[in-house]
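Protein chains: 2
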Amino acid sequence: MTTPDKQVWNFGAGPSVLPRAVLEQAQAEMLDYQGTGMSIIELSHRTPEFQALQDRLEADFRRLLSVPDNYRVIFVQGGASTQFSGVVYNLLASRRAQQLPRADGAATPVVDYLVTGGWSSKAAEEARKLGADVNLVVDSKKTLGAYRGVPDASEWRLSGERAAYVYYCANETVDGVEMRVPPQVHPDVPIVCDMSSDIMSYPVDVSRFGVIYAGVQKNMGAAGLTVVIIRDDLLERTPAADATTNTSPRFPSTYIPLMLDWTVHVKNGSLYNTPPMFSNYITALYCAHTLAEGGVTEMERRAVEKSTLIYDAIAASSGFYRCPVDEPYRSRMNIPFRLREEALEKLFLQGAEARHMRQLKGHRSVGGIRASVYNALPVEAVHALVAYMHEFRQEHQQ
Amino acid sequence: MTTPDKQVWNFGAGPSVLPRAVLEQAQAEMLDYQGTGMSIIELSHRTPEFQALQDRLEADFRRLLSVPDNYRVIFVQGGASTQFSGVVYNLLASRRAQQLPRADGAATPVVDYLVTGGWSSKAAEEARKLGADVNLVVDSKKTLGAYRGVPDASEWRLSGERAAYVYYCANETVDGVEMRVPPQVHPDVPIVCDMSSDIMSYPVDVSRFGVIYAGVQKNMGAAGLTVVIIRDDLLERTPAADATTNTSPRFPSTYIPLMLDWTVHVKNGSLYNTPPMFSNYITALYCAHTLAEGGVTEMERRAVEKSTLIYDAIAASSGFYRCPVDEPYRSRMNIPFRLREEALEKLFLQGAEARHMRQLKGHRSVGGIRASVYNALPVEAVHALVAYMHEFRQEHQQ
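Sequence lines, in order, name chains B and F. Positions 282 to 679 (the numbering used here) are the ones given, in order, by the first sequence. Positions 282 to 679 (the numbering used here) are the ones given, in order, by the second sequence.
This is chain B alone, in the form it adopts within the complex (with noise of 0.2 Å):
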């Protein structure tokens, strides 16, 4: 068994560093999961003793968030860039929307998006290929000439009631774009958003939105699971279409590609067919680490605390360190900032590896560095980066 030599502080946007204690106890069990004389990866998830891991996840997930009764929440697997079509489908085949009016020509019922950054963006273009009448209430690039921050809600551009869902991205990872509370919509509206990226770090009122879904593998759990919270009415549809009806005007196609159904997984209790056995594994134990170590309220004092110290450093330099991000909107979760040049950047990434800092490179989209702090990450890493960040500015600041 090999342990690392030197403490490593892995800074990375996801997959992200995971608690010390989860990594510990995967690594204890792996031949031998409970006394099965099996790994978990080699049980059948048909099997009481996987039943009893997937029943221990949703509860403990369920109580994290507070979820409400009347949600159903479900585990499955492709990633929040399946939600991206999944949404599409389920929503525009609820009740609800099936019975909105629509504009005219258009195919389906006005579906609004806020395009605050590259998920956001990915999100709205998918529900546009998929045939869905798309409004942008807000282009943050297009308004303030980069993903910066999200526009005034004064030239926001809502359809109101006739909107099927209005969907927003909590916390745009690649750009550290954060809009923790929801936006103001019409009630009768709901509101459906990836929070992949920083869920678990506040707590969060689920009776407000319509959907909630999130990879796992930021802040809750290992890549292969995403995780979707959907109200109960929002699954109610009109009499089941079947095969000949697929040309129906409703929807360029009303039945919903098998495993992209939210139904099929509810019905199943998200066990339709094998699930990613070890990504359910580690999110359950993290959820129950999460909730051991005192909760979203205990992991946002967390989140305050770590990601002050950097936007902190990131003020006292005089300009050296730049974030890009308007101040109203900045990410407790990702933390994106520049140097004056990029051989500089280049400069600052070498010694931070040097210094066993890991994963701080920005996405390749748009460069610079990128600090992710996630709940997992210990406050020492923090404090670690910012002593670099001071002694680096020392040495190089003009």
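Hints listed in this document are in silico derivations from the structure and should not be mistaken for laboratory results. As the structure is a prediction and not an experimental result, all values here were calculated from the model. Watch out, some of these pointers could steer you wrong.
Because identical chains share one entry, a pair is satisfied inside a single copy or across any pair of copies.
The calculated lysine to any residue pairs, modelled on SDA-like cross-linking and capped at a C-alpha distance of 25 Å, are [said to hold, decoys possible]:
| no. | residue 1 | residue 2 |
| --- | --- | --- |
| 1 | Lys287 | Gln306 |
| 2 | Lys287 | Ala309 |
| 3 | Lys403 | Leu539 |
| 4 | Lys287 | Glu305 |
| 5 | Lys422 | Tyr553 |
Put chain F on the given structure of chain B with help from the hints.
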């Protein structure tokens, strides 16, 4: 670290037994993947370390199955059930399919399905629900009264060159029906095969297929990943449809949902979005292990040895054990058998558990006993089972 104090034999149908060496390596590296100081599940999928893993995985997989150069290999999420839809969307979008004639009133050209068990039945049903013009070449349950074999080729109803593809499942895991040789079809028609539960257990002439796909969790990896092998020309499409052509008469939805589109995964080297890191990792280790053990030729030798031991024990039991499957189609991977009454089967399973033989229960839809003897199951396990079968029969034969 716990170590099982007893040798457990895992006869599970999937997820199922993995090579001990693979699990031990995963355990050893859990906290520190290849000296990175991070777990494999903490690494970004954009790191050179993970790219190297992914490259090795594809290279080893290609070598194991001698995949010709004119075939692409992708690794995707969602299980085989996701590919039930993927096959329909992608192949009906192919240039060849778009140019085929259709039956009067049919939304698509005809697609041929051989239904020989529960899985191919689900695949055909999904094609029908998606609006395809499905022709059942074979419907074993109807013709034979049960999924116990494959009707004689003289009874098949192939559509000839008009078919967009011919689909079959090489090994029906639930029913224990295996077709190791692809059906004889018109040479222009691509053959599509679900090889989830017998891939890697015999050499395959990939050039006879249009598409082969397999969930990895039986014979080559850990649940969460599906491999798809696609012949190049089947990825060629007529000019891309935009949203406005979604109601095109060529197919109910000409746009393929993002993550179901094979070309998206081909273009992005299977890394369009975050893969299920641990599944990729275990699959890479398992493929390397299979190569080191002698590849698929050696795996076939072992499969013949292990399955023959059990089938011989059934044959020598004077009817005490009965295998419901016709001899030419008996699976080398999943061996179902029955006893004269359910009470006795229950007793058999209890005795097996007491002897640390696990997961021998038949699928919930069919009952009875099912011994799965995948590649990673040592022949010692089969000797133990056969000895127990003999002992149990001595005690209970009337």
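**Q.** Homomeric proximity label, Lys287 with Glu305: Cα distance no greater than 25 Å
**A.** both (17 Å within a copy, 23 Å between copies)
Q.
One pair to classify: Lys403 and Leu539, alpha carbons no more than 25 Å apart. Within, between, both, or neither?
A. Both. Shortest intra-copy (22 Å) and inter-copy (10 Å) distances satisfy the 25 Å Cα cut-off.
Q. Is it within, between, both, or neither for Lys287 and Ala309, if the alpha carbons may be no more than 25 Å apart?
A. both (21 Å within a copy, 17 Å between copies)
Q: Check Lys287 against Gln306 for me: Cα-Cα at most 25 Å, and say if that holds within a copy, between copies, both or neither.
A: Result: close both inside a copy and across copies, 20 Å intra and 21 Å inter.
Q) From the Cα coordinates, with 25 Å as the cut-off, is the pair Lys422 and Tyr553 best called within, between, both, or neither? A) Cα proximity of Lys422 and Tyr553: across copies only (23 Å, versus 40 Å in one copy).
Every hint, counting from the list given before, is met by this structure.
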